[in-house]
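**Student:** Please take these sequences and the hints and turn them into a complete structure.
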Amino acid sequence: MALTTAEQPSVRASRAPGIPAKRRGSRRGRRSEAAAGYVFLSPWLLGLMAVTAVPMLLSLYISFTNYDILSPLSEVEWVGFDNYKRMFTNDPSYWRSVTVTVSFALIAVPLKLAVALGVALLLNRAWRGVGLFRGLFYLPSLIGGSVALAIVWVNMFNREGAFNGFLGLFGIDGKPWVNDPSWALETLMVLAIWQFGAPMVIFLAGLKQVPTELYEAASVDGAGRFRQFRSVTLPMLSPVIFFNLVLETINGFQGFTAAFVLSNGTGGPVDSTLMYTLNLYIKGFTDYEMGYASAMAWVFLLAIGIITAVFFTTGRFWVHYSDGDDR
Amino acid sequence: MLVLIAILGIVLYPLVWMVGTSLKSQPEIASNTGLLPEEFTPRNYTDGWNHFDVSFARFFLNSTMVALLTVVGNAFSCLVAAYAFARLRFPMRGFWFAIMIGTLLLPQHVLTVPQYILFKQFGWVGGDWPYVPLLVPQFLATEAFFVFLMVQFMRGIPRELDEAAKIDGASPFGIFRYVILPLSRPALVTTAIFSFIWTWNEFFRQLVYLSDLKDYTLPVAMTLFIDSSGQSSIGPMFAMSVLSLLPVFLFFVAFQRMLVEGINTSGLKG
Chain A
1 MALTTAEQPS
11 VRASRAPGIP
21 AKRRGSRRGR
31 RSEAAAGYVF
41 LSPWLLGLMA
51 VTAVPMLLSL
61 YISFTNYDIL
71 SPLSEVEWVG
81 FDNYKRMFTN
91 DPSYWRSVTV
101 TVSFALIAVP
111 LKLAVALGVA
121 LLLNRAWRGV
131 GLFRGLFYLP
141 SLIGGSVALA
151 IVWVNMFNRE
161 GAFNGFLGLF
171 GIDGKPWVND
181 PSWALETLMV
191 LAIWQFGAPM
201 VIFLAGLKQV
211 PTELYEAASV
221 DGAGRFRQFR
231 SVTLPMLSPV
241 IFFNLVLETI
251 NGFQGFTAAF
261 VLSNGTGGPV
271 DSTLMYTLNL
281 YIKGFTDYEM
291 GYASAMAWVF
301 LLAIGIITAV
311 FFTTGRFWVH
321 YSDGDDR
Chain B
328 MLVLIAILGI
338 VLYPLVWMVG
348 TSLKSQPEIA
358 SNTGLLPEEF
368 TPRNYTDGWN
378 HFDVSFARFF
388 LNSTMVALLT
398 VVGNAFSCLV
408 AAYAFARLRF
418 PMRGFWFAIM
428 IGTLLLPQHV
438 LTVPQYILFK
448 QFGWVGGDWP
458 YVPLLVPQFL
468 ATEAFFVFLM
478 VQFMRGIPRE
488 LDEAAKIDGA
498 SPFGIFRYVI
508 LPLSRPALVT
518 TAIFSFIWTW
528 NEFFRQLVYL
538 SDLKDYTLPV
548 AMTLFIDSSG
558 QSSIGPMFAM
568 SVLSLLPVFL
578 FFVAFQRMLV
588 EGINTSGLKG
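One line per chain: the protein sequences are A and B, in this order.
For the first sequence, this note's numbering assigns the number 1 to the initial residue and increments by one for each residue that follows.
For the second sequence, this note's numbering assigns the number 328 to the initial residue and increments by one for each residue that follows.
Honestly, I wouldn't trust all of these hints.
Stated by the list, open to error - Stretches of chain B that chain A covers, calculated by requiring three or more beta carbons in the stretch to come under 8 Å of a beta carbon on chain A: (1) 413-419; (2) 426-436; (3) 462-473; (4) 494-507.
Said to hold, decoys possible - Chain A side only, calculated, beta carbon under 10 Å to chain B, not exhaustive: (5) Ala35; (6) Pro140; (7) Gly197.
These aren't lab readings, by the way, just hints derived from the structure by calculation.
As the structure is a computational prediction, the values presented were derived from the model and not from experiment.
Glycine is no exception: its CB is placed at the ideal position from the N, C-alpha and C atoms.
**Tutor:** Here it is in structure tokens:
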């Protein structure tokens, strides 16, 4: 690369600066720019083909077969829609994992966003040390998805864990939360909500964009703090709320690590933490039913696509973009 | 303000409890659920380090290697792709860019099953060097998030600089090398930091591809504790949890301002 640049000026200098040469040069330049574009793009293009596109087509095909990873690909048997049929009509664990995942997303995501927004509002003032607070609230978002933290978390909600120790201070006799089918998933929800730092920081960025004149105008009109929040902050923040909602919902649907750790990879107790992705992992990599797992993956992809599309169509009714040309 | 301090207390409680418990003696772990040990002991750390047939030194080394190579691969391949998208004109650029944005939404769990099948066909799974399937995608700019981040960043670099270099006779390669590369340092650093932390914490793919104990990375090794979860190993388990979170924590301390600003401007997720 260094050579090219070193050469280029001298070549240029040796040519007369006449118009035809220049024109020819620029046309050649455009063509060479197109070539360079594809050279620079080539790793990404290769990745798109080899790591994304071909595998996806392959998995679409495999989802119509009974492929188990152990026998060669050439011996797979075409089973048509059997995998899909089994999923929807003949696999209680599948519907269990759908229910677990949807309830996880429906409860944990709104709560997480509410906490994130609440703390962001409290932090949206300038005082010494506010940066440190922001950073410390963000810390759980950095480590929250790790196995190590999930292990600690599960122990915290054990019979002898810190949470029951805390309840003991108030004379409440706790229970082994993580071993109780009706509480295990809630434990994971609390873990998810605990990581409210990432959406919080995005809310903070959004709050900074709200023009202070709007608040002044609102208070001149006699709006109280709650009214100001409802009529100024929320609408002005709606694009950021929307962004966080889409991102966190998609994240929520993909929760895997904590559920794996809590149940030692089984989705237990009694399938109460059988998240969709964990079920997919079990079907594919424990039971070696790659055909079925591929079908599950495609339904997952379609579901995420539909949910995103629903967000974007309904978003039009409540997301307000300021009409200024700043955006 | 008081409310904030109360919330901060709740947020930090699990972390302090984790460190405190890792320093408690074995009998104390069961009897004392409080934050701090009555008697500090480093036993759990020495016990945990050699708890399995393979020492944690090996797991740390494996994780470090995977994370560093991922950083190099992501930084280089995403930068190159971003330069093409942000600065060069070529046929079908809009189309490819739309595809790139589309892949942002692709859940990795959907891709892992078919990738595993394909990589197995290539003979990469369980080969001499089991990290190949983990690393190849990172060298091919498949982390669309970082491509997007760098495109956004490069759009902020004044075009006049490219024009000036072009008039001086620089080729697209020259512009990349002498204009864009040096000026992209902040975006590269952000990518490197997040790449490292995410890979360090990443679990699903490492679980799928690593099957030999000596090849395990930290997250996979940590799951051995839950397999053999007798009450006796809680102390060592906590100690190793603390150690395995330490690099991320140090990154956090060193780059706290940048991490928070990074997600601020780009919507990066932790």
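**Student:** None of the hints should be skipped; say for each whether it holds.
**Tutor:** Outcome of the hint check:
1. With 4 residues bearing a CB less than 8 Å from a CB of chain A, the stretch 413-419 of chain B meets the requirement of three and the coverage assertion stands.
2. With 8 residues bearing a CB less than 8 Å from a CB of chain A, the stretch 426-436 of chain B meets the requirement of three and the coverage assertion stands.
3. Residue count for the stretch 462-473 of chain B with a Cβ under 8 Å from a Cβ of chain A: 6. That meets the three needed, and the coverage hint holds.
4. Residue count for the stretch 494-507 of chain B with a Cβ under 8 Å from a Cβ of chain A: 10. That meets the three needed, and the coverage hint holds.
5. Proximity of Ala35/A to chain B holds as hinted, the smallest CB-CB distance being about 8 Å (cut-off 10 Å).
6. Proximity of Pro140/A to chain B holds as hinted, the smallest CB-CB distance being about 6 Å (cut-off 10 Å).
7. At a threshold of 10 Å, the smallest CB-CB gap from Gly197/A to chain B is about 6 Å, leaving the interface hint in force.
Violated hints for the displayed structure: none, as all numbered hints are satisfied.
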